[in-house]
Structure formats: C-alpha cells, structure tokens
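Q: Listed below are the residues making up each chain.
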Amino acid sequence: MKKTVDVSLPIGPLHPCFKEPARIRCETKGERVISAEMDLGYVKKGIERIMRGRPWQEVMFLAERICGICSVIHNMVCIETLEKISDIEVPERAAYLRVIVNELDRIQSHILANFSYCYTIEHETLGMYLLNLRETAMDMLELITGARVTCAYMVPGGVRFDLRDEDRPTLEAALDHVEHELRRYVGMFEHGPLVAQRSKGVGIISREDVIEAHGVGPVARASGIPESDRRCEHPTYQKLGFTPLSYEDGDNYARVMLRFDEVFQSIDLIRRCLANMVPGPIRGGGTIQAGEATHAGEAPRGELTYYVKTDEYGRIVDIAVRTPSIMNIESCAHYMLEGVSSAADVTSTFISADPCIACTER
Amino acid sequence: MSFLQSIKNTVRSKSIHVSYVNVGSCNGCDIEVLAMLAPRYDIEQYGIYVHNNPREADVLLVTGAFTPQWEDKLKSIWDKIPEPKVAIAIGNCPISGCVFNRRGAYVDPPVAKHIPIAAEVPGCPPRPTEILNAVLSLAPLVFKDYEEKQS
Amino acid sequence: MVEYLYEKDLRGMQFNILASTRHEWVVAELSARYGMRKPEIRRRLIERLDMILLENLPARYEGWLARGDAGDDVDRALGVELLTVYIPLAEDTRMQDIAEYTRERIATDDAHDESIAHALAQIRELIRS
Chain W
1 MKKTVDVSLP
11 IGPLHPCFKE
21 PARIRCETKG
31 ERVISAEMDL
41 GYVKKGIERI
51 MRGRPWQEVM
61 FLAERICGIC
71 SVIHNMVCIE
81 TLEKISDIEV
91 PERAAYLRVI
101 VNELDRIQSH
111 ILANFSYCYT
121 IEHETLGMYL
131 LNLRETAMDM
141 LELITGARVT
151 CAYMVPGGVR
161 FDLRDEDRPT
171 LEAALDHVEH
181 ELRRYVGMFE
191 HGPLVAQRSK
201 GVGIISREDV
211 IEAHGVGPVA
221 RASGIPESDR
231 RCEHPTYQKL
241 GFTPLSYEDG
251 DNYARVMLRF
261 DEVFQSIDLI
271 RRCLANMVPG
281 PIRGGGTIQA
291 GEATHAGEAP
301 RGELTYYVKT
311 DEYGRIVDIA
321 VRTPSIMNIE
331 SCAHYMLEGV
341 SSAADVTSTF
351 ISADPCIACT
361 ER
Chain F
1 MSFLQSIKNT
11 VRSKSIHVSY
21 VNVGSCNGCD
31 IEVLAMLAPR
41 YDIEQYGIYV
51 HNNPREADVL
61 LVTGAFTPQW
71 EDKLKSIWDK
81 IPEPKVAIAI
91 GNCPISGCVF
101 NRRGAYVDPP
111 VAKHIPIAAE
121 VPGCPPRPTE
131 ILNAVLSLAP
141 LVFKDYEEKQ
151 S
Chain X
1 MVEYLYEKDL
11 RGMQFNILAS
21 TRHEWVVAEL
31 SARYGMRKPE
41 IRRRLIERLD
51 MILLENLPAR
61 YEGWLARGDA
71 GDDVDRALGV
81 ELLTVYIPLA
91 EDTRMQDIAE
101 YTRERIATDD
111 AHDESIAHAL
121 AQIRELIRS
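Chains as they are written, first to last, in the numbering used here: chain W, 1 to 362; chain F, 1 to 151; chain X, 1 to 129.
Keep in mind the hints are simulated off the structure, nothing from the lab.
Where is the CB? At the ideal position from N, CA and C, for every residue including glycine.
Hints may contain errors.
[Said to hold, decoys possible] One-sided and incomplete, this derived list gives chain X residues near chain W with beta-carbon spacing under 10 Å:
#1 10
#2 12
#3 16
#4 17
#5 20
#6 21
#7 25
#8 27
#9 51
#10 52
#11 53
#12 59
#13 60
#14 67
#15 69
Just chain W, with the same shape it has in the complex (with noise of 0.2 Å):
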C-alpha cells in the first residue's frame, strides 16, 4: 500500500489565478487539505501612517488610494466620517447621486469579482461576457464621475458633478443592458454541469465560524447573517426601502449567486434613486472641526470601518481603517480552505471569498 505523504503546498506569491501577491501555504495530506496559513507583506505601504498629520484634502485622496476596486466606497466613508465629526448636512440630490455612484461601483466590483471565479474555474468564456459588461458600468461611472478608477466623486457636503438631465437616458438604457444581459449570464452559470460541479459543497463556512472569525460582506450575507449589512443603517439607504439578501449554503455557489443577485438589488436601487430624485443643490457648505468619530458603511466586500480624529484646523491627527477584506481572508484561510479535497479548489475557494490584498494590507 502506497503511503500518503503530508506536502507543505505553496501558492503564490505570482499566481496566474491571483490579481494580486499572496501567499497561501498549504498543509495537505494526500491532496486534501488540512490547514492553511498565509504570508502577506507584499503591498504594505504604510497608507495610514502618511495619512497622518496631513489635511483632510490631501487624506481625502489617499483614502480612495487604499483600494483601487472599491475606491468609491473609501472615499464614501472618509467623508462621511469628516461629516459626521463636523455636522455637516448633505442635500438630498447629493444623497442620492452617492448612492448611485456607490452602487455602480458595487456592480463593476460584484461582475469583477464573478469575473474572477469564472476565470479560475476555468470557465472562461462566461468571464469574458461578464467583463464585457462591466465596461458598461465602468463607462457610467465615467460619465457621471469623469474617471474610471480613482474618481473623488464626493467632498464634505456633496458631490463635484452633478448628473445632467441628457444623460440620464444613457444611464437608464445601460442599466437595462446590464440587466438583460446578465440575467442570460446568471442563466448559464446556475444551469452550467461544470459550474456546480466546481462550486456547490466547495469551501463551506458555517454561520459560527462566520461570526468566530467576523466575516462579513457577501461572505456573512451567504452563509445566512443578512443583517450584517451595513447599509440598512444608512439614512439614504433607509429612505429607497433596502433589504439585505442572504444565502443559507456558505459555499462558492452561494457567495457567486449573491454577488449576481446584488448586482440586480443595486440597478433597482439605482433606478429608484433616479425616480426620487428633485432637482436642486448638489454641495452645501461646511468647515470640518476637531473631533473624533468612528463611520461604517457597506463596501462591496462588506463592512467598512473608519476611525477618524481631527484637529481644528482640519488635520487627521490619528486614523484606522479596518477593510472588509481583512475578516473575509481570514475566514477564507482558516474555516473555508479547511477540508477542502484537492488543491485546484484551493484557488478558486480563496476567490470566492472576493479578497483584496491591497485593502488588506493598505
């Protein structure tokens, strides 16, 4: 009888599978795996430590230079913070173009992320359709926005552009092409044999260890914590009647099909932000006071916490940001990648769990 021989398995740092360097080692016995640590350090920069000392024009920038996926949400919620410190009311017009800014970006980051899952599972034509229509949303965000990535869309009190009333055709007709394109998408994901192969039973976390390793995000929301989402306490939010979906099975299947099914919430949230919205001003006035003040809100990835203490002229005297990616790694690397039976699902069970090593490491 042939013995089984235990492997440390490395993955990483380049990988053709990841966006990103990471590392993963691997303690497999057979191919099974039995447990898996990670080395990470390979973007560390050091973001918090320039952002201190330096006025809230200049952290306003690095903050949405922490991640260059969900750069919309960092500058979401550094300025919400700054506002929340300062009292300073936002006008509803405004209110509601940062939603529908937030939740583009949410949709280009959702099909990125699926993206990714289809290119690792080897599917790779579906991953083509789904990164063609994320150009879709990426050409929105650029018209409302005027950038791809690194936008600074929001200042305290308001928005820079305002959406003129010629575009809004051109946005409402790609959010119908998003949708009837997608739902075709969806169709051949759910019906495909090779996808549920690869992905139904693969990497399950359970809801304990979701709430052990505080997971959150489309992690949580999949394995059955609905309320983990941050944007039921936004007031906007509040205002366009949302409620968070959830997933029981906390597997791969379960977080690519809450991903697809965010992208649909997200175009009706955008639809009904276009139907309440009045015209009016888009930015109001305001000076940012000394304070301190910790703000949440719902990245693509999950929870996104600021922690922020200004001085009164307008520095950042001190500042912690914990990103969403930090809790969902960490449950991808300890809970889901456990038991996992070979060593191609352990590529495709750390995309799934959509990680994003800039954020982390920031």
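Chains F and X: place on chain W using the hints.
A: Okay, now just chains F and X, sitting in the frame of chain W:
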C-alpha cells in the same frame, strides 16, 4: 536580413505574451490591465495574450510603488523571462511613487532602480487603451531584428 | 542549486502590522489583562499567529468582547475562549484545566480574587512556555 530573422520577425509581431506583477499598487492599475482583457478592447486581434507566467512572457507589466518584500523577488522574476524581453511600468507608482512616496511610507520607488524599464505609462491609473497602445508601440521596437542587433 | 527563494524572515513585516492604532489598543488590553509587558505580548503574537490572523486581531478581540465567554464569570475573567478560540495563544486543554481548577477553588475556599490572580499567573506561564 537573414531568412531566419525575417521568419522570427513575422512570428514575434503576431505573438506577444504579457505577464503582470503587482509590487505594491492600490489595485487600480491591475484592474485596468485586467479590463484590457475585455472583448471590447480585443487584444487578441493584435496577438497579445495575457497570462501570469513569467517563464513564457515577452512583456512584463510592473504596477505599484516598490515594497521591500519584492527586493529579491522582482529580480528573480525578471531573470526567469526568456530573451528578448521588455518591462513596462504602468501608472505613476513605479515611476515616482505617486501619493505613497512620502515620509513614513514603506515604499522604495522607482522600480527602474531594480530592473531595466523600457517604457513608462503615467496615469493614476492609465486607461486600458493607453496600456494597450504602449505594448503595441514598444514591442516592434524591441523584438524586430533582435538577433541581428545583438551580434 | 537550491535557493530558498520565498522563505524569508517575515518578522519585520509582522511587526509593521502590529504597529497600527487598533493593534496597539489590542496589545495594550492584553498586556493589562495578563500583566505582561507589551513587547513580550507582541513577540508571542508574532511567534504563534500567521499574518492574516495578526491583521484580524482587533476584529477578533471585539468579537470576544461582544460574545466570547458568555455565561461564566470565571471564564470571562480568565479569557478562556479569548486565548483558545479568538486569539489562539494558549493550548486548549491546559487552559480548560486552569479554569476548572479555579472554579473548584472558588467553590470550596471562596477566595475569589486570590484564585483569579493565581490562575492569571498560571496563564502567563502558559503563554510564555
């Protein structure tokens, strides 16, 4: 020009394999490189194929300000790429460090200190079309008549 | 020709992770709770935890504050789940033994504070071992 060289020129002009490495960027440039894969830009009509394997790459796209962890690794990745090869810096970070090049940061730009960079595409981040344009305009300069230029 | 390309000493990077505001707070809380000096806590954390767990330290500690060791005063005072589940620095069985012994001692002698202090000293040794 020898017959062999002309065959090599033809083949190389229609087959450019691209690999990318993130040495400490914010992800913005990486996803623009990924967005370049989208059917809208259709890079495969130019014979460009993106996959992350330095062993079979011709062009290395470097994104990000340089973090200390990469000091030995980037050089070894560069050495693994077979000749003829070329490295392109994508975004402001590998050129100057962009917003991260401040006192207290852990970064050590520019990347040109560590491996030879042939072209730079500034922008934070540059558009996918600009990245594509850089690859397409640089590749013939380096790969055409490579063996004859060497001798 | 064998080169250990990626097996680098990562302690510098791990220390950088522990330098942030929230991590500093967690290290201070742990050091106050178990009466150990901060550099020592940091050293033990770096030795025993991998990098993503180090990054997640504040969230896990907050999770323990909210939910961990619910229902038992002795467990809460000693932080049994804190050291075995949330921030795994100590061995599970030894930790349970200490908690069990302390619970018995409180039930028989009724010297609550003394027993807890004795148990904390034992846990300190356990973390150092």
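Q: Does the closest beta carbon of chain W sit nearer than 10 Å to the beta carbon of residue 12 of chain X?
A: 8 Å, holds
Q: Residue 69 of chain X was flagged as interface toward chain W. Is the shortest Cβ-Cβ separation under 10 Å?
A: 13 Å, violated
Q: Report holds or violated for the interface hint on residue 60 of chain X, using the least CB-CB distance to chain W and a cut-off of 10 Å.
A: 6 Å, holds
Q: Measuring from the C-beta of residue 27 of chain X to each C-beta in chain W, is the shortest one below 10 Å?
A: 14 Å, violated
Q: Less than 10 Å between beta-carbons is the criterion; does residue 17 of chain X satisfy it with respect to chain W?
A: 8 Å, holds
Q: For the hint on residue 67 of chain X, does the least C-beta distance to chain W fall short of 10 Å?
A: 7 Å, holds
Q: Hint residue 51 of chain X vs chain W: min CB-CB distance below 10 Å?
A: 4 Å, holds
Q: For the hint on residue 59 of chain X, does the least C-beta distance to chain W fall short of 10 Å?
A: 4 Å, holds
Q: For the hint on residue 52 of chain X, just tell me whether its beta-carbon gets within less than 10 Å of chain W.
A: 4 Å, holds
Q: Let's test the interface hint: is any C-beta of chain W closer than 10 Å to that of residue 25 of chain X?
A: 9 Å, holds
Q: Taking the closest Cβ pair, is residue 16 of chain X under 10 Å from chain W?
A: 6 Å, holds
Q: Double-check residue 53 of chain X for me: the hint is only fine if its C-beta lies closer than 10 Å to a C-beta in chain W.
A: Because about 6 Å separates residue 53 of chain X from the closest Cβ in chain W, which is inside the 10 Å limit, the hint holds.
Consistency note: the structure conflicts with the earlier hints numbered 8 and 15.
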